[in-house]
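Participant: If you're matching positions, the sequence shown starts at 1 in my numbering and goes up one per residue.
There could be a bad hint or two in this list.
Here are the simulated distance ranges between beta carbons [to be verified]:
1) Gly240 <-> Ala367: 36 to 46 Å
2) Ala243 <-> Ile288: 35 to 45 Å
3) Asp45 <-> Arg331: 35 to 45 Å
4) Gly283 <-> Asp41: 42 to 52 Å
5) Arg275 <-> Arg254: 10 to 20 Å
6) Ser24 <-> Asp329: 17 to 27 Å
7) Arg228 <-> Leu271: 36 to 46 Å
8) Gly285 <-> Arg89: 51 to 61 Å
9) Glu407 <-> Gly240: 40 to 50 Å
Just so you know, the hints here were simulated from the structure itself, not pulled from any lab data.
In this text, a Cβ means the ideal position worked out from N, Cα and C, and glycines have one as well.
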Amino acid sequence: MPDTELLDLSATAASTALAAGEISSAELFELYRARARADADAGADGLNCFTWVAEEQPSGAGATELGGVPLAVKDLFCTEGVPSQAASRILEGYRPPYTATAVSRLAGAGAPLLGKTNQDEFAMGSSNENSAFGAVRNPWDRERVPGGSSGGSAAAVAAGLAPWALGTDTGGSIRQPAALCGIVGLKPTYGAVSRYGMIAFASSLDQAGPLTRTVSDAALMLRHMIGRDPCDATSLSFPGTVAMPSAVRLDGVRLGVPRELSGEGIEEGVLAAFRAALTLAEGLGAQISEVSLPHAPHALAAYYVIAPAECSSNLARYDGVRYGRRADDARDLLDMYTRTRHDGFGAEVKRRIMLGTYALSSGYYDAFYGRAQRVRTKISEDFAGAFSQVDLIVSPTTPSVAFKLGEKTGDPLAMYLSDFCTIPMSLAGVPAVSIPCGLSEGLPVGLQLAGPAFSEGRLLDAAHALEAAIGFHGGGARV
């Protein structure tokens, strides 16, 4: 099969072709490995999607459901013997002695590791400009960001450098880059996928999920990631299995549009694409009504107390003693701690550590962290109330299309607002998926659907029907 045809195959189609013997896993792996290697070698002239690329196909991919479809993995996941650096100088060159559960389950199902993808350092960012290994560029326009923090994974899939990729979502880090790069991104229910081996940012929010070209690919990948893991006390048994989506219509499906996430602050071009998608949904038989998430406008503020507080606690372990970077020629222990963390962490990580440490400090804990957790409870209650009226909630994924590199780096609040539409779902722990729904200014727009906990099957079915009706083609991103 010619290379151009191989690149046009979705991961699901490629797995079917592999099982039928129409293509070989070695041929498919080498095609993507060569493309990923070429981008990595291009330096500033490339997209900078990868921090490490495999030299050869790992053994073991074969007669399994995934059958040898190569997998790109965010640098936030530990992979045994392979650099796992969280895009941070403090972990530069670190090679863990074990592999994250999500990665090992996908590998066991037949998805060989293609490479590790660039990201915002420790998953802290919305633009992928915070990486110690340089910014990732959006394949639709190289002067624009791919979104973050899973920007390397999203850009690699959109550009045809990987058939699919594994990312993480804390406040929107899968869905936001998926939207800005014109692909599918799914944040599962919190606890549905083990966090064991994920380098922690905010433990009560972090969740692994797929970044793919199609909704079917996301379902196939999720099927092999879910389930209880004895190594992760927060993981949960998933009820049933993840079926491949097949819906072509939305008859009887009640879609709720939250007024708080679909009006003020959303670019007009994004709203136009969103409204066009709602019209298509109605044509497929969906019932659309307005719902309210009254505490959603407070989600951003609550998130930027809770997440930095947990980050401050989780990143305390990077002290130059146990593993990772250690400052040389320190005068004493305190100097070694100070210089290690000063030199090893980037500006955004330091900002969030300081915010979180302050929020957890004596005299401020209840005023900040405690209050933010109470707001989080209210947001969860808002979703429960909305889901008593509708089946799924639908909104734009991001307030804008991809913005230019450097445009928001000097204004942290403007950067944080990029996650305005995705953070409420993260705080509530419910699943949400972003699918492309059109273009604005020649750049992709994302449509977000969210459902109750463990409703991934229904969510993916609805997304599949809308995906077919929208008919978005992402070929403009191919490099």
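Participant: If you test the structure against every hint from before, which numbers come out violated?
Facilitator: 2, 6
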